Structure formats: structure tokens, C-alpha cells
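Chemist: Protein chains in written order, with the numbering used here: chain A, -9 to 465; chain B, 2 to 351.
Rather than coming from a laboratory, the hints here were simulated on the basis of the structure.
Treat the hints with care, as some may be off.
To be verified - One-sided excerpt, in silico: chain A residues whose CB lies under 7 Å from chain B:
id: 1; residue: G89
id: 2; residue: E229
id: 3; residue: G231
id: 4; residue: T232
id: 5; residue: I251
id: 6; residue: A321
id: 7; residue: D343
What the hints assert, rightly or not - Below, in silico cross-link-like pairs of lysine-lysine (DSS-like), each with a Cα-Cα straight-line distance of 30 Å or less:
id: 8; chain 1: A; residue 1: K324; chain 2: A; residue 2: K390
id: 9; chain 1: A; residue 1: K390; chain 2: A; residue 2: K353
id: 10; chain 1: A; residue 1: K112; chain 2: A; residue 2: K139
id: 11; chain 1: A; residue 1: K249; chain 2: A; residue 2: K274
id: 12; chain 1: B; residue 1: K187; chain 2: A; residue 2: K40
id: 13; chain 1: A; residue 1: K408; chain 2: A; residue 2: K274
id: 14; chain 1: A; residue 1: K390; chain 2: A; residue 2: K44
id: 15; chain 1: B; residue 1: K112; chain 2: A; residue 2: K324
id: 16; chain 1: A; residue 1: K40; chain 2: B; residue 2: K112
id: 17; chain 1: A; residue 1: K249; chain 2: A; residue 2: K44
id: 18; chain 1: A; residue 1: K452; chain 2: A; residue 2: K62
id: 19; chain 1: A; residue 1: K333; chain 2: A; residue 2: K390
id: 20; chain 1: A; residue 1: K353; chain 2: A; residue 2: K408
id: 21; chain 1: B; residue 1: K112; chain 2: A; residue 2: K304
id: 22; chain 1: B; residue 1: K149; chain 2: A; residue 2: K81
id: 23; chain 1: A; residue 1: K62; chain 2: B; residue 2: K187
id: 24; chain 1: A; residue 1: K353; chain 2: A; residue 2: K170
id: 25; chain 1: A; residue 1: K112; chain 2: A; residue 2: K133
id: 26; chain 1: A; residue 1: K274; chain 2: B; residue 2: K112
id: 27; chain 1: B; residue 1: K112; chain 2: A; residue 2: K311
id: 28; chain 1: B; residue 1: K187; chain 2: A; residue 2: K81
id: 29; chain 1: B; residue 1: K187; chain 2: A; residue 2: K44
Since this is a predicted model, take the numbers as computed values, not measurements.
Note that the Cβ used here is the ideal one computed from N, Cα and C, for glycine as well.
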Amino acid sequence: MSMKRGFGFTRRAAVVALMASVALAGCGSKGDAPSGDAVKAAAAPGGVEKPVLKLGFIKLTDMAPLAIAKEKGFFAEEGLNVTLEPQANWKVLLDGVIGGQLDGAHMLAGQPIAATIGYGTKADLIAPLSLDLNGNAITVSNKVWDMVKPNLPMEGGKPKHPISAAVLQPVVASFKQQGKPFNMGMVFPVSTHNYELRYWLAAGGLNPGFYTPGDVGGTVDADVQLSVTPPPQMPATLEAGTIEGYCVGEPWNQAAVQKKIGVPIITDNEVWHDNPEKVFGLRKDFADKYPGTTAAMLRAIIKAQQWLDADGGKNRAEAVKILSQPNYVGADEKVIAASMTGKFTFEPGDTRDAPGFNIFFDKNAGYPFYSDAIWYLTQMRRWGQIPEDHDDQWYIDQAKAVYRPDLYLAAARGLAEKGVIPADAIPETDGFKPVDNGFMDHIPYDGHKPNAYIQSLKIGLKKGQKVTASGVTGS
Amino acid sequence: MATAFADMEPKEMAQAQSENPVADTATARAASESKAEKAAPPAALGKVQDVIAKFGKGLIAPILGIAAFLAIWAALAPQVDTSLGALPGPLEVAEQGVALYDEWHAANVAKAEFYDAQDARMAAGTQAMAFDYAGPPTFLDQVLTSLKTVALGFILATVFAVPIGLAAGLSPMFNAAINPLVQIMKPVSPLAWLPIVTMVVSATVSSADPMLAKSFVISAIVVMLCSLWPTLINTAIGTASIDKDLLNVGRVLKLGWFAKLTRLVLPSSLPYIFTGMRLSLGVGWMVLIAAEMLAQNPGLGKFVWDEFQNGSSQSLARIMFAVIVIGLIGFLLDRIMMMLQSFANRNHTI
């Protein structure tokens, strides 16, 4: 009796559960079909197929082109209705773009590259536009700064710049003696910051560690242990003593100065002069499906980039005001202004001119050069994120799959024809910058010869070498 | 019949029946105060005594408690020096409450302007389709999103938990079958569910423009997974503890299973079901904030996280304001459920 009754109710429960799950599935599956208006818009050649967009960003000043494009009405001019949504960290942002919750985002240059070559989540992402040059710095804790400052050569009462990571060697050694690891933070395994910090450390003779295939720790053979912390949490993590320094974008270095918890020791512009930084990334299938929308987004962002750099930066003060709103970067205005208005503060009383600290439009900042993508690929190989050797052509093919100057040029030329941007702001190039001598250790970089470049770097994997948990093997 | 859940029965019920501990201590404090008054009997104070007796527990004691808390907060907060400045006191928090209201007001003005400008453009024919205002969500928007999310999660949890609970209460066999699963799933934190739910939802929802945002569905399902257990368990207990005589009468009258369910089982287990639902809603609201923080679903959790990331000099005060609002809403939801519960108790006792 009891058994029979039980089964009756189980069946009923099953039916209810089934109905509920059907209802649940219904939640997410409403029509792909665009509304009538959208279809009409798409009918016009070059029209915007999908005008309602959501773009993601991380709370960093180099998201400025997106905020400006929205606040100054450049998106609206292109017929776009854009929502900008801050993301918790780079992983969440990347998943949002891959999963389709976000139509595009302010991304680390390494993210679309890594996604395309299948390091981390594999997905076809493209970068049709570079958002800015420079904009990062490396900050060390007060404790470390007090240890290195006495040994620094001085120049007019202030430490002489750029400061090599070699000054950290005695500090790292004393940590080692006490049996403590020397920890530093960066924002993501494939972030510009990771490669810049590694470049700076390696140029100063410190090994930042290698990645074994498939791991994201990257601490094999490391003198300095690097770990991931989301940008806005950097100052708090430094203050907590978990890390002794970090490489991050603004305003989080100036925040450390303001809170008197750390001292920026070098800017990325000094590590690699005019290095490419964030990109605007989106899914390849989105750009294929909505070419008109993609072009409209790019035009709006290019206009915003021009606005940011116009007339020697006269608009920067207004930009700072916009970025300090809680829904964008949200840090205090004076903290953001400390790096956005042509100055950079290293410690209280040591504020220096830094006109090139972040560049959004000048120096062809927006053009996505293949050679930039290839540099990131060489660093991925150098530190073991790419576990095997590849020929030069492989590097060039990967770069061409991700970086899409064709899309940039289509948008920029459209603007130049209308006289919105000057025609000479668009470079005549095959996508490769000339041999770059702007690195702090003066090792030249030629984007056509990635393998030769990898061989020329002192610390780093060489041809045929592999990383295992016990160390580097191979000749 | 109730043996399987017997181990958790006292705890769940105790939790449900003690209305709230704060009220209880307040009662105790009020009682001791009035005792002290009685010890000193001047006649002139008679009226005061009456007033205290009348409002002491309901009004004066809570006001005193809150005032004391605010005073301690205001005194201690400036002592704590964070890298964002001193910890904000009640005044700064109230100021940020006003600032958030102003922002809401400003957003409404901007919204009205946006729609006016859009109407003008549409009338002039320069814009083909109407857009929704895409400004940043205000604090109020975040509160509403959170309420919607918790409502969806709670409804889903109830829809799943009540039938399963009924089945478990009526069939000891089924009860024994699901009991280990329930015991294992019950203590799992929302943070552990989140990655799994995220991947499953991302895989199942493939539409480019879904009716409900993925992040919304993800947080709602996490809320459901964490909040369905109290309802399930209480429903099972309520159903299992139905009077045997009633079942025997039902058997004599040869009631079908549906009639038995609606006439006997549901009425007698309804108070338990409502108790469970009340606990579920409380759990759901608590879990929601964590889920929103991680899933980046718009809502109070995301507001708190974004402000934490902002790290501006006002951020801490704004977070504290949000904490107070979260508490007040949780309290309000609990009161609503309590009213429903007492309503169910009054109308459906057998």
C-alpha cells in the first residue's frame, strides 16, 4: 500500500519537475529573429544590424575610449545604443565575450591571441583595434623601496630613471635567505602586465619563472614568484603583504602613491617605449555576422580616441571627470588625474612629466599591428605558455588570424573621407612596425623574425627547450 | 514515517519557531528595565511607568538599542584607518544614501532627456528604431534586479521542493532514497555551485538575444539550488507527521490519491510548508548577494563589488549603505513570509 502510494507521488513529482525544467529552458530561448526595425536597418548597405550592444570593461583608465564614445555621444552618432558594464576580473570578462553575454570588450592584447591559439579557453576572437599605447607601471611596496632606494644613483635629488630590476637582486636574495618567496602580482597569465613585468625582471637578471604545459602558475625556476590579482584589488593585496610589488594599469599605481603603501618604480613606457596595450576584442563570428555594427563600433571608438588626444590633451580633464564616475573607473578624481594629464607621480614630491604615459590616438595608437601580436606570441613562447617551437610563418599566421587591420582601415578610411580624422592619421603599412629598438635592454625586435628574437633574449626558453615541473630541459 | 528526517527536525523547527533572537533579547532587556522601575515607587513616576509598560518592549527598547549601536559605531569607526581613509560613521553613510538618491534623480532626468531627444529624432526621421535608455543602473535598479532574481530563484525552489517533499513525506521508500542526496547537497555553498551552473547555463542557452540575461538566470538558479532544502525538508516532515487517524479515515472513505492529497495531506502540512518557504527565502536572499558578486549579475551584490573595486574615498560608505539596505530588505521579506505563514496556520489547522 505504502509502496504504491509512494510511486504515485513520485510520478507526480517527476511530472512537476519536468514541467519546471521546461519552463526554465524557456527562460533563455526566446527568438534569435531580430525585430522588424533591425531588419530594416540591416537592409541598407553598411547599416547597423544590431544596434543594441553591451560592452564589458575592467576598471582601468585605458577603458577611456569606450566611456568617452558613450558619454560624448559617438556611439549614438553611429546609431548604436551601447551599455557599458564593469566586469569583476579579466577571466569573467573573457568568458562574457566568449559566451555572448558581452558583444565586445576592453581586452588585454594577449587575450584574443591566447584564445585563438587555444591557451586557456579556446575561441575565435579578433582584435580589430588597439585601444592605447603604454599606461602601466610597476609598483613596489614601501618596504622594498626602502631597501633599494639607498643604492640608487641620484640625479638632481631624485632617483635616476629608468630603474633596472637588478636593484632588486639583493632584496630577493635576502628574502631567499630568510626562506621567504619574493611575490609580485600581475593581472592575468596572458596580460601585457605579466609580459612587461617578466621583461623588466629578466632584463635585470631575475628569472620570473616558466610555465609548464597546461598550468597557469608559471613559477618553475622562479626567483620572483608571480601571481594573478584583479587590478582593483592590487593596492589592497599589496597592503596585506601578500605581494611585494605589482604591475598594473592606472589608476592602481597612483592609488598606491595616494594611500602611501607603495612606490611606482618604472613605467611600461620605460620598459618598452610606446608599447601596445589594451585592444578592443570581440568574437569573430560576431564581426562576420554583423559587419555594419562592427564598423560602426570601430568608428565611434576611433572618434573617442581622437577626442582623448586632441590638441595636446585639452580634453583630458573632462575625461578624468567622466572616468571618476562610480559606473566607470570610479576612483577619486585626483588619483585618475595623476596619470591622465601628462604627469606621473613616483613618490610624494617626485612628480615627473610623462606626456606619453597613455596615448590613445597619436602615433597610430589605434592600428592593430601584426608585429605587436607577434611580440606577445614570442613572449608566450619565451615563458613556456606556448610549449613547443613553431616556425616564423606560424607566428605570422596566428597574428593575422587575430589582429584585423582590414576592419580598422575600413572604419578609419570612412572617417577620413568625411574629414572626421586627418588622412595622415592612418598609417601606410604592411602591418609590421620597423625594427623596434625601444626596449630598456636595447635588444632589437623585428616582427618578421620571431624565432631569431626569442633566441636573442638572455633569460627565456630557447629553441628545442621544454618545461617540466623539475625545470627546463632540452638544448 | 518521519524517522529519516528526525535528526534534523529539532534544529529546523527551532530555527523556524524562535521568531528572531534580537526581539527575544529585547524582551528580556525591557523586562529587567521595568523591574528596576518597580523597585523605586515614587507616585509621580506612575505615568512614566505606564508608558514604559505600554511601549517599553515594542518601541523604547528597540530605539534605545539602535541609538546605542549608532553611538558605538560613530565612536569606533574613525579609529579604524583603512587605505581608503577612516571607516565611515553613520553620518557619512547617511550622506551616501542621499548621494545615491541624487544619482537616481539625475539618472531619471537623463533618461527623460534621452527619450525626448530620441522622440525628436524619430519624428524627424533620422533614427529608424526606438532604443531603451542604456545608462548605468542606479542603486534602485540594482535593488529591483536583486528582488526579481531572488523571486525567480525562490519560485523555482518552491516548485521543485514542495512536490518532492510531499513525495518524500508520503513514501518512506522514496524518502530513504533521496535522504542521502539531500544531506549532501544541503550544506554546499553557492560559490561552489556557481561555476557548474555557469557552464551549464552557457551551454544550454545558445540564443544570441535571450529573453532573460544569462547572468540573471545563473544567479536565480544558484539561489534555487541553495534555498530549496528547507522547503523540501519541512514539507517532508509536515507530510510525514500527518495524523494516522486521518489517513485511516481517508482509507475507509476510499478517497482517491488526488482527493487525499488535496483534502488531507496538503491542509495538514501547509503550516510546515510555509515555515520551510520562509527559511528558504531567508537563505535565498543571503545566497543571492554572493551569487551576484561572482556571476556579475546586475544587483546589490554587483553594486557592492563594483564599489569595492572603485576604491574611491566614498566607496566604503556606499557599501555600508548597501549593507543596511540588504538587511532591511531581508527583514522585510521575512516579515512578509511570516504573515503568510500565520495566515496559513490560522486557516488550515485540522
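Chemist: Compare the structure with each hint and give your call.
Modeler: Right, here's what the structure says about each hint:
1. G89: 5 Å, holds
2. E229: 5 Å, holds
3. G231: 13 Å, violated
4. T232: 14 Å, violated
5. I251: This interface hint holds because 6 Å falls under the 7 Å limit.
6. A321: 5 Å, holds
7. D343: Nearest chain B Cβ about 26 Å off; hint violated.
8. K324/A with K390/A: Distance ~40 Å between K324/A and K390/A Cα, so the pair is violated.
9. K390/A with K353/A: Holds - the C-alpha atoms of K353/A and K390/A are around 21 Å apart, at most 30 Å.
10. K112/A with K139/A: 44 Å, violated
11. K249/A with K274/A: Violated. K249/A to K274/A sits at ~42 Å, over the 30 Å cutoff.
12. K187/B with K40/A: Violated, at about 43 Å.
13. K408/A with K274/A: 28 Å, holds
14. K390/A with K44/A: The hint holds at about 26 Å.
15. K112/B with K324/A: Holds, because 29 Å separates the two Cα atoms, which is no more than 30 Å.
16. K40/A with K112/B: 22 Å, holds
17. K249/A with K44/A: 34 Å, violated
18. K452/A with K62/A: 48 Å, violated
19. K333/A with K390/A: 36 Å, violated
20. K353/A with K408/A: 21 Å, holds
21. K112/B with K304/A: 29 Å, holds
22. K149/B with K81/A: Judged against 30 Å, a Cα distance of about 26 Å means the pair holds.
23. K62/A with K187/B: At roughly 50 Å apart (the allowed maximum being 30 Å), K187/B and K62/A break the hint.
24. K353/A with K170/A: 44 Å, violated
25. K112/A with K133/A: 41 Å, violated
26. K274/A with K112/B: 33 Å, violated
27. K112/B with K311/A: 20 Å, holds
28. K187/B with K81/A: Given that 30 Å is the threshold and the Cα spacing comes to 29 Å, the pair holds.
29. K187/B with K44/A: 36 Å, violated
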